[in-house]
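Chemist: Residue strings, one per chain:
Protein chains: 2
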Amino acid sequence: MGNADFEIHQVEIPPSKPFLHTLKSTLKETFFPDDPFKQFKHQPFSRKFVLGLQYFVPILEWAPRYTFELFKADFIAGITIASLAVPQGISYAGLASLPPIIGLYSSFVPPLIYAMLGSSKDLAVGTVAVPSLLITSMLGKEVNPHENTKLYVQLVFTATFFAGVFQASLGLLRLGFIVDFLSHATIVGFMGGAATVVCLQQLKGILGLVHFTHEADLISVLKSVFTQINLWRWESGVLGCCFLFFLFITRYFSKKKPVFFWINALAPLTSVILGSVLVYLTHAEKHGVEIIGHLKKGLNPQSLSELEMTFRSEHLIIAIKTGIITGVIALAEGIAVGRSFAIFKNYHIDGNKEMIAFGVMNIAGSCTSCYLTTGPFSRTAVNFNAGCKTAVSNIVMATAVMITLLFLTPLFHYTPIVVLSAIIMAAMIILIDYEAAIQLWAVDKFDFVVCISAYIGVVFGSVETGLVIAVAISLLRVLLFVARPKTSVMGSIPNSMTYRSTEQYPKATIVPGILILQINSPIYFANASYLRERISRWIDEEENELRCSAKTDLQYVILDMSAVASIDTSGISMIEEVKKIIDRRCMKLVLANPGGEVMKKLDKSKFIDKIGQEWLYLTVGEAVKACNFILHTCRTKAKGVESEAADDKV
Amino acid sequence: MGNADFEIHQVEIPPSKPFLHTLKSTLKETFFPDDPFKQFKHQPFSRKFVLGLQYFVPILEWAPRYTFELFKADFIAGITIASLAVPQGISYAGLASLPPIIGLYSSFVPPLIYAMLGSSKDLAVGTVAVPSLLITSMLGKEVNPHENTKLYVQLVFTATFFAGVFQASLGLLRLGFIVDFLSHATIVGFMGGAATVVCLQQLKGILGLVHFTHEADLISVLKSVFTQINLWRWESGVLGCCFLFFLFITRYFSKKKPVFFWINALAPLTSVILGSVLVYLTHAEKHGVEIIGHLKKGLNPQSLSELEMTFRSEHLIIAIKTGIITGVIALAEGIAVGRSFAIFKNYHIDGNKEMIAFGVMNIAGSCTSCYLTTGPFSRTAVNFNAGCKTAVSNIVMATAVMITLLFLTPLFHYTPIVVLSAIIMAAMIILIDYEAAIQLWAVDKFDFVVCISAYIGVVFGSVETGLVIAVAISLLRVLLFVARPKTSVMGSIPNSMTYRSTEQYPKATIVPGILILQINSPIYFANASYLRERISRWIDEEENELRCSAKTDLQYVILDMSAVASIDTSGISMIEEVKKIIDRRCMKLVLANPGGEVMKKLDKSKFIDKIGQEWLYLTVGEAVKACNFILHTCRTKAKGVESEAADDKV
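Note that the protein sequences, when read in sequence, are chains V and P.
Quick note: the first sequence, position 404, residue 404 per full-length UniProt numbering, numbers continuous.
Quick note: the second sequence, position 211, residue 211 per full-length UniProt numbering, numbers continuous.
None of these hints come from the bench; they were simulated from the model.
Quantities reported herein were computed from a predicted structural model and do not represent experimental measurements.
Mixed in with the good hints, there may be bad ones.
Any copy will do: because identical chains look the same in the list, a pair fits if it lies in one copy or spans two.
As the list claims (entries may be wrong) - Here are the simulated lysine-lysine pairs, DSSO-like style, with alpha carbons at most 30 Å apart:
1. Lys297 <-> Lys606
2. Lys72 <-> Lys255
3. Lys28 <-> Lys41
4. Lys24 <-> Lys345
5. Lys579 <-> Lys345
6. Lys255 <-> Lys297
7. Lys38 <-> Lys507
8. Lys606 <-> Lys38
9. Lys345 <-> Lys321
10. Lys625 <-> Lys48
11. Lys223 <-> Lys256
12. Lys345 <-> Lys610
13. Lys486 <-> Lys445
14. Lys28 <-> Lys389
15. Lys141 <-> Lys223
16. Lys38 <-> Lys286
17. Lys255 <-> Lys389
18. Lys345 <-> Lys223
19. Lys610 <-> Lys507
20. Lys507 <-> Lys625
21. Lys296 <-> Lys72
22. Lys150 <-> Lys255
23. Lys141 <-> Lys507
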């Protein structure tokens, strides 16, 4: 090709590296993509020790720089989230079929631990609705929470312990990317479904029903509600609707004027106080309005002995299973929330470090009568709005809850359950993010299917079913992408040396006699035979078209490999077979822009020798130029000379 | 950007198509990548009917053109494969713990069916070793084949029936691509492992052992062999070694001179005849050499009643499971074999049509006392070497087997089992393809791991274990590819407008002040957060480097999207977040060459409006030129004017 009047750039094989070096860098990229060791480099040992300690206990890093100014902001934020923590804690404990006091306990110890270990400045720790519901639906099948409360509570602590162990190990083993497999669409659908289910469950409290199904799916709940119409209590219903209205109206005001965020933040506590006073004055507890009743005074009792007992019981397996599933979901929510606010304030949080913090917080929680906690969206948003600066706001909240536990629990004696139901319902309804689902439909139909499947799975099946279906469909999408990659014919963009898909650029013109195909995925076993068939079909179609229009014959097939980031041995066999097919039709296979990994493997498998280095080009443009050059030379020469020249080239 | 002195090409959004149209073409590409309807277009109804019939029964298409010339070739090939079919049929039936006669039956009906329905011209139908072994190992656990032969045989027929149903449905539902998930590496390792296990099993026959383990793994078999050293029969052992030597020497000759392929092809039948004569003359059956014994004369009895009985028994589930697993494996072998020879002879076979043919052949087989058949490699290779032209060679083979069944079965009375063991061993040893494994190591380490895992799984675990492990690792690779895509910095190739990864082209030079990053996979939920972190890290590293060298600041980050074939909503959020991160550092995000699907989704999600159409470029080259142009203009202008100009641009 030396006689061409244009410059040809060679396609290079990347410099080969020793196997162990490649393995090391692959493992590093897989497990340490954030390069946490960077800061440890070239440091004396003592400094390394301090940095290591600061890595695992971030408070050591920022506490020395903490000022009174910051504390003022954190104090206000802490008090605000405490006012939310008390009613929410009690409500969600009910959702998990636990005694209300455990909800309060869970807002005391875990926030203290997180303040020391967490790397987010905005996250407010607390219990969350969906894992609470999951705990009821998974453990409630094994042990009836109302008949065998003691054992059930033990199981919940054990599940929390394993959730913590699982979360911490994910962080320590650098497997944080497992959480990434819950896609945005999955989470929208899943949360929406869970919120629907939780809202439906609240009909029990609002309608004052005593017996209620233990199933969480739509059909069982509606059946349970409508077969007991004669047992509905109107007193409870009216109270519930009033408080729901109150909560919605305060939210509406806060939304209109963001300065009044505290109206919304204080609304739950106000509802609890109003409801309790109302019940106390009217003695409504004697007229069908259920109340919380006696709450024990005092701080969290230890629960190590409870853990120990379950370790030896036959329920251990279900506790571990519940722990792992709820742990992953809690983690996904907590990390997503932490990350969102970090991006907002432009600082960085480390997913793996967060997992360790969540894990330790739940392990410690499970030993001190707390159940699963994470960073709930609602509480964190209030914390952020209230102007928190560091994790100290969590310490302030914990202190406020501690004071409540020590002195104020009797005040909650008359709090009506219906108010708690209204608080949960109001919090859940905003999670049914139908706007996001519409947006998914507009942007990406497949994501919409994932979202709707998760929703339907949760609402009509169970929370786990929805999750499994959504993750399976999401993974199927990845596999389908690889199994059926897009190929397209490329044409020349007018006034340029650039070639692009004619599908995207309808004005791009086909080069006569040359078929340029773009392959848009790695070539793996899963798509090798599809691609072979598809390329053959492209060639057939192109030949038929050329035959009909009686133009030149098809002489070259150029495969644009720009988007082929990787290839395996099945892929290499496929290219070899394609070359055979093309050779047999008396055409020439040309590869344009094969990447580093592809070149390495083509070289090792001796394919480059087979095809000849001169049929590899850096760009499609150069490949087309070279092909056209040969075509042109051949046509101008006599027939006999032509075949000789072709022999030379081949 | 109109004042630039070079031409900028616009990135286009592909013309939007109605949703149903896109859905239809996606479904077509997924399930009908070979476009089988093409020939039906614009045809009258009667012609469509004929074409449809010919589609499902290919013999109707080629039979009218069949000539006596072709028949002569097919006749010779048919007789040759028949001479292989008889001993192999008997041997593999033994491997499946079935009475030897069923192996002969299986070489009669299925080849006839395949000749009518199959689209391969070279495939010779017969039983195969690995699925035979699988049948023993799966069904043998449920029912002891020696103690309860009748029930066991019933179960095998039922499994064959379900294998057929499964194969045919895969074909009818156009799900043939499931077979593609068995990668080349998986098959090398799996076949090698299965061959090892089968060889070890033959030690029973060669050493003349009566009791033998039912397990198939290495450890059980070796234990079984070496705990019975005192029961080894030297007569049997000597005979076995002699025949093994004979078979290897004939293969060696055939390999040296391909014209003598028939020596190798006839060797098994010769061994059987020699062995039988030897035993008959020496009465070796009385000295520890086991023989086949009485074989019933006559053609296949029907076995519908047997099928019916298992349908009502409690063993149905295991029969279905065995059927599906053996069916997939048989299919994978048959299709791979058919495809290899089709490529060799340059004709096309249709995977889905083949599946239907295999399925119908096994359903029909299961009703006529045959067990699972497919297109074995060894027999097909002999058929090909013997010069077969069409599937008529299968009919010839079936006729020869029929004659054997009708008249010649008594001749096999004295055939020693040890000869059959030697035939299996000789056939299996070539399947242990250690050279392919070495090649895998050289070309692709990951494929090597898949291969070795399959091998170890089969040899030390079970056949199913090996298969499941290998498929799981293969899929993990695809997921890992998507979860941890490669990103690399691009530089300018000297003397060109082209930009390439500096890793592959070390001589490519970095453009000062501009960071160009290549993303090498679709952006999906599974890699969105990894990519965000990784891009931030690239920017940090580049900034640090620039700061050290005190050159210009980093001003632009160009993402080359050429290889991003697809994006989902999580991916779009990721790009939005990356834009925020880059904006906050006072840099500019530029996208180069976003593809059709990416452009569509960026448009629908309003991201194009956010970033501005002027920051999208057709090539990296144009993007760099534009950025450099702005940088240059800004530097030459006064400071005050500079900010104004920048404002204009943004």
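Chemist: All hints, please: hold or fail.
Modeler: Consistency of the hints with the structure:
Taking CA atoms no more than 30 Å apart as the test, Lys297 paired with Lys606 passes in neither setting, with 78 Å inside one copy and 55 Å between copies. Proximity of Lys72 to Lys255 under the C-alpha cut-off of 30 Å is restricted to the intra-copy arrangement: shortest distance 25 Å within a copy versus 88 Å between copies. When the C-alpha separation of Lys28 and Lys41 is checked against a cutoff of 30 Å, the pair qualifies only within one copy, where the shortest distance is 16 Å, while the shortest distance between copies is 55 Å. Taking the shortest alpha-carbon separations for Lys24 and Lys345, neither the intra-copy value of 34 Å nor the inter-copy value of 45 Å comes in at or below 30 Å.
Proximity of Lys579 to Lys345 under the C-alpha cut-off of 30 Å is restricted to the inter-copy arrangement: shortest distance 15 Å between copies versus 55 Å within a copy. Proximity of Lys255 to Lys297 under the C-alpha cut-off of 30 Å is found in neither arrangement, the shortest distances being 37 Å within a copy and 90 Å between copies. In the homo-oligomer, the alpha carbons of Lys38 and Lys507 lie at most 30 Å apart only across protomers (27 Å), although the nearest pairing inside one protomer, at 49 Å, exceeds that limit. Taking the shortest Cα distances, Lys606 and Lys38 never come within 30 Å of each other, neither inside one copy (39 Å) nor across copies (37 Å).
With identical chains, the CA atoms of Lys345 and Lys321 are never at most 30 Å apart, being 36 Å at best within one copy and 56 Å at best between copies. Taking CA atoms no more than 30 Å apart as the test, Lys625 paired with Lys48 passes in neither setting, with 58 Å inside one copy and 45 Å between copies. Taking the shortest Cα distances, Lys223 and Lys256 never come within 30 Å of each other, neither inside one copy (39 Å) nor across copies (79 Å). In the homo-oligomer, the alpha carbons of Lys345 and Lys610 lie at most 30 Å apart only across protomers (20 Å), although the nearest pairing inside one protomer, at 56 Å, exceeds that limit.
When the C-alpha separation of Lys486 and Lys445 is checked against a cutoff of 30 Å, the pair qualifies both within a copy, at 17 Å, and between copies, at 27 Å. Taking CA atoms no more than 30 Å apart as the test, Lys28 paired with Lys389 passes in neither setting, with 33 Å inside one copy and 55 Å between copies. Taking the closest pair of Cα atoms, Lys141 and Lys223 come within 30 Å of each other only inside a single copy of the chain (19 Å); across copies the shortest separation is 46 Å, beyond that limit. Taking the shortest alpha-carbon separations for Lys38 and Lys286, neither the intra-copy value of 66 Å nor the inter-copy value of 78 Å comes in at or below 30 Å.
Only within a single protomer do Lys255 and Lys389 lie at most 30 Å apart by alpha-carbon distance; the minimum there is 22 Å, versus 80 Å between protomers. For the identical chains of this complex, Lys345 and Lys223 are neighbours neither inside a copy (47 Å) nor across copies (66 Å), given an alpha-carbon limit of 30 Å. Taking CA atoms no more than 30 Å apart as the test, Lys610 paired with Lys507 passes between copies only; the shortest distance there is 26 Å, against 36 Å inside one copy. For the identical chains of this complex, Lys507 and Lys625 are neighbours both inside a copy (20 Å) and across copies (24 Å), given an alpha-carbon limit of 30 Å.
Taking the shortest alpha-carbon separations for Lys296 and Lys72, neither the intra-copy value of 32 Å nor the inter-copy value of 98 Å comes in at or below 30 Å. Proximity of Lys150 to Lys255 under the C-alpha cut-off of 30 Å is found in neither arrangement, the shortest distances being 43 Å within a copy and 77 Å between copies. Taking the shortest alpha-carbon separations for Lys141 and Lys507, neither the intra-copy value of 63 Å nor the inter-copy value of 65 Å comes in at or below 30 Å.
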